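With the hints as your guide, set chains D and C onto chain U.
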Amino acid sequence: MIILFGVFVRYNPESGAHWPEYRRMKNFTDLENDFYFRYPSFQDVHVMIFVGFGFLMTFLKRYSFGAVGFNFLIAAFGIQWALLMQGWFHSLDYNDGKIKIGVENLINADFCVAGCLIAYGAVLGKVSPVQLLVLTLFGVTLFAVEEFIIISVLHAKDAGGSMVIHAFGGYYGLSISWVLYRPNLGKSKHMNGSVYHSDVFAMIGTLFLWMFWPSFNSAICNHGDGQHRAAINTYLSLASTVLTTYAISSLWEKTGKLDMVHIQNSTLAGGVAVGTAAEFMLMPYGSLIVGFFCGLISTLGYIYFTPFLEKHLKIQDTCGIHNLHALPGALGGVVGAITAAAASTTVYGEEGFRGIFDFNRVAPVQGGYQAAALCVAIVFGIGGGIFVGCILKLPIWGDVADENCFDDEFYWEVPEEEEIVAPVLEYNNHMMMNKNSAIPATNYAVERS
Amino acid sequence: MIILFGVFVRYNPESGAHWPEYRRMKNFTDLENDFYFRYPSFQDVHVMIFVGFGFLMTFLKRYSFGAVGFNFLIAAFGIQWALLMQGWFHSLDYNDGKIKIGVENLINADFCVAGCLIAYGAVLGKVSPVQLLVLTLFGVTLFAVEEFIIISVLHAKDAGGSMVIHAFGGYYGLSISWVLYRPNLGKSKHMNGSVYHSDVFAMIGTLFLWMFWPSFNSAICNHGDGQHRAAINTYLSLASTVLTTYAISSLWEKTGKLDMVHIQNSTLAGGVAVGTAAEFMLMPYGSLIVGFFCGLISTLGYIYFTPFLEKHLKIQDTCGIHNLHALPGALGGVVGAITAAAASTTVYGEEGFRGIFDFNRVAPVQGGYQAAALCVAIVFGIGGGIFVGCILKLPIWGDVADENCFDDEFYWEVPEEEEIVAPVLEYNNHMMMNKNSAIPATNYAVERS
Amino acid sequence: MIILFGVFVRYNPESGAHWPEYRRMKNFTDLENDFYFRYPSFQDVHVMIFVGFGFLMTFLKRYSFGAVGFNFLIAAFGIQWALLMQGWFHSLDYNDGKIKIGVENLINADFCVAGCLIAYGAVLGKVSPVQLLVLTLFGVTLFAVEEFIIISVLHAKDAGGSMVIHAFGGYYGLSISWVLYRPNLGKSKHMNGSVYHSDVFAMIGTLFLWMFWPSFNSAICNHGDGQHRAAINTYLSLASTVLTTYAISSLWEKTGKLDMVHIQNSTLAGGVAVGTAAEFMLMPYGSLIVGFFCGLISTLGYIYFTPFLEKHLKIQDTCGIHNLHALPGALGGVVGAITAAAASTTVYGEEGFRGIFDFNRVAPVQGGYQAAALCVAIVFGIGGGIFVGCILKLPIWGDVADENCFDDEFYWEVPEEEEIVAPVLEYNNHMMMNKNSAIPATNYAVERS
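Those protein sequence lines, which keep their order, are chains U, D and C.
Residue numbering for the first sequence follows this note's numbering, starting at 3 and increasing by one per position.
Residue numbering for the second sequence follows this note's numbering, starting at 3 and increasing by one per position.
Residue numbering for the third sequence follows this note's numbering, starting at 3 and increasing by one per position.
Hints may be right or wrong, so weigh each one.
Copies of the same chain are indistinguishable here, so a pair counts whether it falls within one copy or spans any two.
[Said to hold, decoys possible] Listed below are the simulated DSSO-like cross-link pairs for lysine-lysine, each with C-alpha atoms no more than 27 Å apart in a straight line: (1) K191 to K256; (2) K100 to K395; (3) K100 to K191; (4) K259 to K100; (5) K191 to K395; (6) K395 to K259; (7) K189 to K313; (8) K191 to K28; (9) K191 to K259; (10) K28 to K100; (11) K256 to K313; (12) K28 to K395; (13) K189 to K100.
Calculated directly from the structure, the hints in this document are not laboratory data.
Keep in mind that this is a model prediction, so the values were computed, not measured.
So here's chain U without its partners, still in its complex pose (with noise of 0.2 Å):
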């Protein structure tokens, strides 16, 4: 890695040294400097990344150390591979074969690995460390390729990535799953689920990613109005998403009560699906639409499609990335097609509409290289899943046996258990003022500790 960067990254003029002689010749001040349009938002999408993902997954009573801390390595290693991939695809400088990177290639980087991150969710738990670094680097790979084709070749537009990074990475982490598929996951079924406070945690997560996301999909938008009206767009349909999850989980359940797992991912569905359409004209009302329909498509995937998927399909999704990814990300991409083809010169203004679609189409063709795109980044996800699948099916990276899944005892240096100790001495204790020493077993609970 260090060679690579060595070989081909540099500094770009806005983050190298010569930036004073740039800026004058472009008649620049610091400020028009693109990391002062930028920074605040990368890092958001970085605490979304890290801390969003990470504790998302902590859901798992015993599998919160695998959850927050490989979430870390991978992204970590995938922002480096990432670098380099989307910077020869997207920032080779032809004069010199060097890549030029400043903030807004970090933040792609940081979408990038965001990608090979919702996949993880569909894994998670039932691979190695080992197994997870290979589908980085392959998830990376594939997703720059699949980017400069969806981005540069097909000149789709696809500002909060729904369609490349969300359709993407969930087909990818369910076809991988899908190829490693196992059939005697029931072994570790006591283990896969969540205990009181590891639910609260993963609101941590839930709750980052909720309030960052504007920052998401606005992030490399067009300076001015373009990630103004990305932020507002998101935000409302998040918030409209909120309202309609809650209403679903609370209707669906026999019990009428409130299910965690749908409050902790389908409030986040409605940010994925708004992503293709955020710098558009959407109109407010057509953001509490989406976010509406996302909320009650992704609840209702919760209730009956997951098992649904894991029965029939034999896709075991462990943290339900089709309802959250995969498919509010196909939405987006089909409602950025229809805002794109019914955009006009009307709503956006001639300079509007030349700024947000760079190129010289109408708008229904547009919308339909919006459609391509979508079915490249489906089939990328699919296709891609399957190869990698097959490659992590090999008996080569130390997996865990059915049996230890969702476990973090395999992979960690997990601390004894000793919340117990204080009332247990007491009530030690008590037994003993008792005389009744029917039980000294407790003592040996205590010593250990």
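Below, chains D and C without anything else, positioned relative to chain U:
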């Protein structure tokens, strides 16, 4: 909601696609889009609303799902309703009857929701989600009217919302709690307390509120020095409050130990109290003085006043919002009135004075209007709270019985507790090794998990 | 404190109400107020100080209140004192003898406090809050002097504070810990460890530190390319460190399992080490190399050096700050010296070179001064630490006995543990159903809750 948004809500010129033309007309650069002035502050406020308020209330041992989950629900509902209500009062374009929204509206919607979340603190654990939605529906409506009177009729200044948000929200919640008084709440007393880890979760809320409060108070200040000064004043006031809180908490307790309730809440009071005056030339030492007194009265409030409220005034205030929001908010209004009355062009400069107090009033008159504004906020809070409390008392909202308060079981699918399993298993195994079958019952706990 | 602020502290021209006149005079727009350049970075740094450092230290099973609570206390105290101390040295207006503060002073105050929080890491769980306040009082004072010598006398560059903050803070804490050596600390050994959920809490701290470190290192860099480049270098160095840490942690452990202590701490070492050189033209591969070596020495430090320190040098380093701050900080100083010595106008451009090394020195001389600065930082750290350690050794500060270390009970009202209640109740009920009264004592545990 979708229909109302469809009829009324549109983008404003800075978030619409006509921005390139608008920008040229105004001779702006892209950076002068309000998005770049306010978006980072908006995100900080957003974190405060969803993570800050949400996690601050997770301190109860078995109401963390409700705290963070219902906070999420009513905030997401409230911001949509607030965009409409505040839009009609503040952002209506009279040419076409549409509300034009931009990033400042999003911040204001978050502010508006904050008032309702404060009120939630008083009734935490004692009301149903439907009641909370009703509380929010009316709360946002009252807020918009009250804000209109204070800001647009009285032309009072309240950048950080000491009066508009905190005093209103605090008294609104307390009045509701007074109407909904539960004489037999003692039945669920064993649930009205914290456990070790729930207190740590609550500190996440405290810290994010504390850290981002400078953004809260500066988010909608004037560009330039206004935002800058508001952030500094808030930062200093908060730092000062922390010291006072620790000192009082330790000195007033008989054991000399610190109480987590004070640390979680009173440390924030300085941010509330400096809200109105944040933008003024309060001077750094003035901020420290405000923070000092706030830490003092807030901590003493927890020690003496909350029990008094419950015993003699029949107000059950779960989170102690009287000490964190109502009283410091009122104090902030007073500080604001005094600071405004004492303002002079010597200190502010001719231009600065006009920039902040945009109306042609002399300083003492402005001080009087500030005081009037505080009265309006409190009257709306108490009056509105009693009115809404009476509605919520109707027996149609499905609230829980006294003995089920502060318990997630009633509204959430709570995972079965298994943290105990590992030691129990061990203990049990050990028992069996001892051939001691005195307590076969432990098997039960293991099996059902 | 209030009096000192009253006498000395005023707003600077960018945060005072005379800004409109100042702005006109300088021909600035509102956006060129320093607030917009630095406020987002300030907030990130603020999060690092309060959430990052606070939660990083929550890993102990029963010292989470102390970790996050005392961190809060000393940070809030320290920033006030730092504004004064740093103000006298750096921001004093000689015309009127006042300290003029703006957002950059707030960032610097946060930085200054970071040094003391690092020192807290070494003595975590072993000192009283009063001792911590004394540690901070002297620490901030020493920091201000040391910073003055390094920045204003030697004119060394240290944007991210590898030397000024980390090397100083690290050796300061280690020296104090050495003076306060507790030979019988083994008595509380059972408390000096983590439980499952406390490790997850600590990961919150780790991740927020990790994510926002690019802001830390870039916060006070030059506008434009300086901030941009510092963020990129830090991002790359940190990513590289994560990979090395995981690899070493897994390879060096006999069981091949990952150790949470390494993941929580060593992953951050890359950010420390790249601090001094962050603004320089370190090149992306240079950052990766720095990160790689830092992950290596930091992880190996935890495995071999911390036990060695404790056994042979009588330094008890609770959080292992030697491996996370002291050593990487010193390494960062060396990297900075080398990079500065190797700087040339070919790489930086004429203007860029002058912009960064504002003095008329040739590069090798600057390198020498950088090395001298590192020595100053270490000498201040060790000397100051021994001096303050001796003061803290006086028997008047109320520190805890050896057997009560690492336990919140002594300073906090700790809630009684009840997580066990539900299963016990059940178990108890079951017992009663079985008419088995062999262990009536369990009633006791339930009743007292």
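Results of checking the hints against the structure:
1. K191 to K256: within (23 Å within a copy, 30 Å between copies)
2. K100 to K395: Intra 37 Å, inter 58 Å, cutoff 27 Å: neither.
3. K100 to K191: neither (50 Å within a copy, 54 Å between copies)
4. K259 to K100: The answer is neither: 57 Å in one copy and 39 Å across copies each exceed 27 Å.
5. K191 to K395: within (22 Å within a copy, 44 Å between copies)
6. K395 to K259: between (40 Å within a copy, 22 Å between copies)
7. K189 to K313: within (16 Å within a copy, 45 Å between copies)
8. K191 to K28: The answer is neither: 62 Å in one copy and 63 Å across copies each exceed 27 Å.
9. K191 to K259: Classified as both: same-chain Cα gap 23 Å, cross-chain 23 Å, threshold 27 Å.
10. K28 to K100: within (22 Å within a copy, 40 Å between copies)
11. K256 to K313: Result: close within a single copy only, 21 Å intra versus 40 Å inter.
12. K28 to K395: neither (54 Å within a copy, 61 Å between copies)
13. K189 to K100: Answer is neither; intra-copy 51 Å and inter-copy 59 Å both fail.
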